[in-house]
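**Student:** Sequence:
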Amino acid sequence: MKGVLFMKNTEKNKQKWVEKVKYTLELGGKSEKTFINYKSHINRFLNYYEESEEINKLSEDKIVDYFRKQYIDLNRCAASLNVGICSIRFLYSVCFNRHLNKDLLPSTKLKKKLPTIISRQLFLKIFNEEHCLKYKCWLILAFCCGLRVDEIAKLRIENIYPNEHKLKVLGKGNKERYTILPDIVTKFLRLYCKENHIIDKQGYLFISHNKQSHINSKSIINYFSNLKAAYGLDKNISFHTLRHSFATYYLMNGGNIITLKSMLGHSHLDTTNRYLHIAQNFNNLEGINYV
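If you count the sequence shown from 1, position 60 lands on 62 in the working numbering, and the numbers rise without skipping.
Each hint should be verified, as a subset may be incorrect.
[Stated by the list, open to error] The following label-pair restraints were derived from C-beta to C-beta distances:
#: 1; residue 1: Tyr233; residue 2: Ile280; range: 33 to 41 angstroms
#: 2; residue 1: Lys64; residue 2: Phe129; range: 51 to 59 angstroms
#: 3; residue 1: Lys170; residue 2: Glu52; range: 26 to 34 angstroms
#: 4; residue 1: Asp202; residue 2: Tyr180; range: 17 to 25 angstroms
#: 5; residue 1: Thr12; residue 2: Ser227; range: 16 to 24 angstroms
[As the list claims (entries may be wrong)] Okay, derived cross-link-like pairs now, DSBU-like style, lysine-lysine, Cα gap no bigger than 35 angstroms in a straight line:
#: 6; residue 1: Lys35; residue 2: Lys115
#: 7; residue 1: Lys203; residue 2: Lys213
#: 8; residue 1: Lys127; residue 2: Lys104
#: 9; residue 1: Lys71; residue 2: Lys237
#: 10; residue 1: Lys189; residue 2: Lys24
#: 11; residue 1: Lys220; residue 2: Lys18
#: 12; residue 1: Lys138; residue 2: Lys230
#: 13; residue 1: Lys10; residue 2: Lys59
#: 14; residue 1: Lys189; residue 2: Lys41
#: 15; residue 1: Lys14; residue 2: Lys156
#: 16; residue 1: Lys127; residue 2: Lys170
#: 17; residue 1: Lys136; residue 2: Lys16
#: 18; residue 1: Lys156; residue 2: Lys138
#: 19; residue 1: Lys35; residue 2: Lys189
#: 20; residue 1: Lys136; residue 2: Lys115
#: 21; residue 1: Lys71; residue 2: Lys111
#: 22; residue 1: Lys220; residue 2: Lys156
#: 23; residue 1: Lys10; residue 2: Lys35
#: 24; residue 1: Lys10; residue 2: Lys104
#: 25; residue 1: Lys237; residue 2: Lys189
#: 26; residue 1: Lys32; residue 2: Lys59
#: 27; residue 1: Lys156; residue 2: Lys189
#: 28; residue 1: Lys138; residue 2: Lys16
#: 29; residue 1: Lys41; residue 2: Lys127
#: 30; residue 1: Lys59; residue 2: Lys263
#: 31; residue 1: Lys174; residue 2: Lys32
#: 32; residue 1: Lys177; residue 2: Lys138
#: 33; residue 1: Lys16; residue 2: Lys32
Simulated from the structure, these hints should not be mistaken for lab results. Treat the numbers as computed from the prediction; the structure is a model and nothing was measured. C-beta: ideal position from N, C-alpha, C; glycine also.
Let's have the full structure, built from the sequences with the hints guiding it.
**Tutor:** Okay, here's the thing in structure tokens:
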């Protein structure tokens, strides 16, 4: 009887299962963002069923039916469906020692969209009209160095090498890499440090309000959301667009694709290759005469 009660969909058990998912992901070196995404989909799944439901005994047909009703019928995007399926597979594997049939719950093939970029002129307008040095640094680290939001939030002072024109970045999956540090970025980082009386040689560059850790990446996202509204930017533009723009303009200026892959922290060259499609100048193709 005790074993059956343990698998009931009670609030207490939900909390236990989510906690087990969390520390298992942590053991595997996954990021907090991965857990937050998994947690959201797992909670949605568990809350769909009554408290009396024995979650561990749900048939695969029932689980498939859940995804059809809660994702496909509601026109949720393929990326959301994929994360949802991965989350529930992981839940069953970790908490119930059940491996769900991948033929019944396959990953959906995603449409490969070309990245959106922002023009240099628009970026310079936004940058020059921004008066807060901290915000300027966020913008320029993404546009001129190719950093992700989380990487900016967690940037450490000791990983800034102005004399060598490089930054050491802690990226996805806690993988370290180097990227370029142009002089213009160094200039504004120094101005920011001077304004905020930062003299330490170690520690996070952007400190949280409680002074205990780095800022939350949501602070950067919220800032850009307000900026996006103020400038009436296209709905497809996000803070990550600045990173896309860095990669595209790097290639347009003759940069090497292998070097770019390393600077962006991509595991596969195919991911980096998509920037070739938007970096190509079709007004200057060899072998074509427009006259």
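**Student:** Compare the structure with the hints numbered earlier in the document and write down the numbers of the violated ones, lowest to highest.
**Tutor:** As far as the earlier hints go, 1, 3, 5, 8, 10, 14, 17, 28, 29, 30 are violated by this structure, in ascending order.
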